[in-house]
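Top to bottom, those sequences are chains D and W. For the first sequence, this note's numbering begins at 175 and goes up steadily by one. For the second sequence, this note's numbering begins at 6 and goes up steadily by one.
Each hint should be verified, as a subset may be incorrect.
Label pairs and their computed distance ranges (CB to CB) [unchecked claim]:
#1 D:Ala360 / W:Asn267: 30 to 40 Å
#2 W:Leu29 / D:Leu178: 53 to 63 Å
#3 D:Val626 / W:Pro369: 29 to 39 Å
#4 W:Ser205 / D:Asn375: 14 to 24 Å
#5 W:Ser205 / D:Leu452: 46 to 56 Å
#6 W:Ile457 / D:Ile176: 29 to 39 Å
These aren't lab readings, by the way, just hints derived from the structure by calculation. Heads up, the beta-carbon is just placed ideally off N, CA and C, and yes, glycines get one too.
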Amino acid sequence: MILLVLLIVLFAAALLSWIAGAKSHAACRWIALCSLLFNLGIVIRIWLAHTAISGRWWYQYKIDWVPHFGISLHLAMDGLSLLMLALTFFLGALAVLISWKELQTRVGFFHFNLLFVLCGITGVFLTMDLFLFYFFWEMMLIPMYFLIGIWGHEHREYAANKFFLFTQAGGLLMLLAILGLYFVHAANTNVYTFNYFELLNTPMEGTTARWLMLGFLVAFLVKLPAVPFHTWLPDAHTEAPTAGSVVLAGLLLKTGAYGILRFVLPLFPAAAAEIAPLAMLLGVAGILYGGMLAFAQTDLKRLIAYTSVSHMGFVLLGAFAFNEIAYQGVVMQMITHGISTGALFIIAGALYERIHTRNLWQMGGLWLRMPLMGSAALIFVMASLGLPGLGNFIAEFLILLGSWPASHLFTILATIGLVIATAYSLRLMQKVFLGPCDRQYAMRDLNGRELVIIISLVIVICWLGFHPQPVLNTTQNTAYVIR
Amino acid sequence: MSFVDFLSLGPLITLCAASVIAMLLVAIWRNHRIVYSFAIIAFLMSMTAVIPAIIYIPHPVPPLLVIDEFSLFNTGLILTAGLIILLLSFNYFEEREERKEEYYLLLILATIGALVLVVSRHFMSLFLGLEILSISLYGLIAYLRARARSDEAGIKYLMLAALSSAFLLFGMALVYAFTGHMDFPGIGAALRQAGYLPVSVMAGFGMMLIGVGFKLGVVPFHMWAPDVYEGAPLPVAAFIATISKGAMLVLLIRFYQDIQGNNYPMLWWMVAIIAVASMFAGNWLALTQQNIKRILAYSSIAHMGYILVAFLSGVQTGLEALAFYLVAYFITSIGAFGVVIVMSSSLQDAETMADYKGLFWRYPWVATVFTAMLLSLAGIPLTAGFIGKFYVVMAGVNGHQWFLLFMLAINSVIGLYYYIRLVATMFAVPAPGQQTTVVPALPIAGNITLGILTVLLIGLGVYPTAMMQLIQQMMRILS
């Protein structure tokens, strides 16, 4: 029941803030913030209460929805869902905070969309019914489309359309695969159900499994995004408003990774093992190609967007390495990437608010003007390149350690990706904050609200770097993907 | 005619009587409001007449008609759709035409034609229903005589409908020549007995398909659709998009089931090619349109293609999916046309994309309704269209029609593009100083109707179980 509350709170808050937005902007922001903090509180309480308890599924909630098809409103939470939800509500609350001053037009509708997309993401992380999963998967799209299309930068409509069409195409293939699985299951067991737990052990032929797995995998690879399907990402991330970029990079990409861990690997273990080399190749290609493209960008947000492609390559590499270390690294990477990239987008947004450009050539020497922002950026740039002591290092280290037994070659290539990461990260720092300052920008450093945001992010990324054990403990029980 | 016959045909007889009374009413005292109220009462009474008919189903009225769950369900659907279109019509015609009263007479007649199609099980009644429907539509399409495009649309429809009727008749004659039957089950039995499909019958089916395809507006018989949608009065366009197509589809299902069309691969392939062509042509041609009416026309062509995929799946789920999709499509199409109706002023229909730019910031309510309708057409969750599309895909997977499903998936993405473009237009921020030419009428009755449609749309999208059970129950008799 508590799981349903999480969804209802967000949905109700979405409607409320839309209504309140007509009267008072502040009320609408407070409603959004409070609902997200409330949910974050619930999730943290669950976490604290359950760290010691073994057993995989902590909460389950199930009522029939369309019994005619075997569709039920089935929610469940394990360690993986819990971590993802904590990330969702944390970044969601920050997204509200960063829009506090930046966003002044159509505030009510903006918060409606923001909360609605978060509601969809929450649903994706919680649902254990494949129909419902598709339902929430699609539900995320429309509000995200509006967030990019209405409040984005200059090429927003193009970016929004591209984002929408890419993910929809992937989604439809997933729908076909879901239905295929449904009927294969029914043909073998005579039970028509979309229940994840019942579908888990569907006996099927190798060829069938391969095709169905591909349907799922393509949808998740588009979302992740893996290399041939990544072209929507730079556009969408660059054109979205800051809050939109944070939600996109921090959360929406994670739904793709989550889908691979939750559905592709457990539902089709044999077929996934067959395709593992190819998937790892795509992962490594993403790491290297994304990193090189990031190095070549002149647009700050675009640069950060391409680093996401690179970092998500690690997720793909680790997910298909089939061992527990890599798997834990993947979960870790999902969280730390959400934090560090989210933080970089927040900094990019704050910079844009002050100097109204994202062009790297028009920046430089900003450290002198804004030492606080510069140090914050330095921390997250270091996190992004995988400096020990910060969360990303743990994640990437675990992934490389885990993928070594699976494939030496790919691991070595992926390690080269770390060098590229260093190159583009330092270039970012150099171009923006160091070097000569030939333009006289008059601007203030981070203000109180921004400091709160940045400091909370810094605390989390350091905590993940120095003491990752609670996170690793939480995912331990869920590490079931090993052959 | 026995008492039971009388009760079973109640809805039809009520409307027939109403058409005569309406004619007399107009002759005695010409008043828009009275005729309008009378038409509403007639539809309501006809809908009430469905209830006693339920007791006696299934009840064939040999040789022409059959009243069973399937036909009663669709009778109810058509009457409800007709009533909603009627509700949306008053203001539209009040503002436009000198002589508005005959419109209601023609609308009742056209609905009678559609109802006859739904209950018919014989070539005679088929042709009778089709012609009542077509001839009323000639008048309806060209009703706003003052407009140039109205005449053009009327003539176009007249020519092509007459031509397609001729094909249909020839096809029927060929089928009759071989089988010696005009009733559907008789034809089916004769073909089974023969054990093969002779060329003449095949040709007959092909020609009949031209007649049917014309009414459905599927490729390659779709040429009239955009022009007629554009020229016809908006409520009439809604009528053509929903009731006229829906009735024909119901008839097609009944015929196909009765002759067991799935046994004849040739027939299956003809319909399959039409389905794929409709999906592609409809979506492709809609991509660059700037006129809302034409977009809706092309989109309805594509939607007929989707429906045919369910039709071709050859499984029981397919028929259920088809019925559900039809309900969703009715709600959505009438809703979309309803928005255009309430947005139109007395001087001009709100038909260009420019009229809708930034609509959300000027008339949030209308824009929200239109967004919901468009998202339903695109098949996005929380709407009836999503469940409908899901149902269709499910039927296709169940019937292993992977090729058709793949085509459907590609087309859904193409279709999404123009629906989304329209939604984006409504949410775009209009440049300062940019004034729109159309001042919307926004009648209260129209707004309430739109509200009801939206509630239905979301209701079916969130809780489809009740409707599914109803459909499942009525489809059982067809298997």
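Now the hints, each set against the structure:
no., hint, verdict
1, D:Ala360 / W:Asn267: 30 to 40 Å, "violated, 21 Å"
2, W:Leu29 / D:Leu178: 53 to 63 Å, "holds, 60 Å"
3, D:Val626 / W:Pro369: 29 to 39 Å, "holds, 34 Å"
4, W:Ser205 / D:Asn375: 14 to 24 Å, "violated, 55 Å"
5, W:Ser205 / D:Leu452: 46 to 56 Å, "holds, 55 Å"
6, W:Ile457 / D:Ile176: 29 to 39 Å, "holds, 36 Å"
Checked against the numbered hints given earlier, this structure breaks hints 1 and 4; the rest are met.
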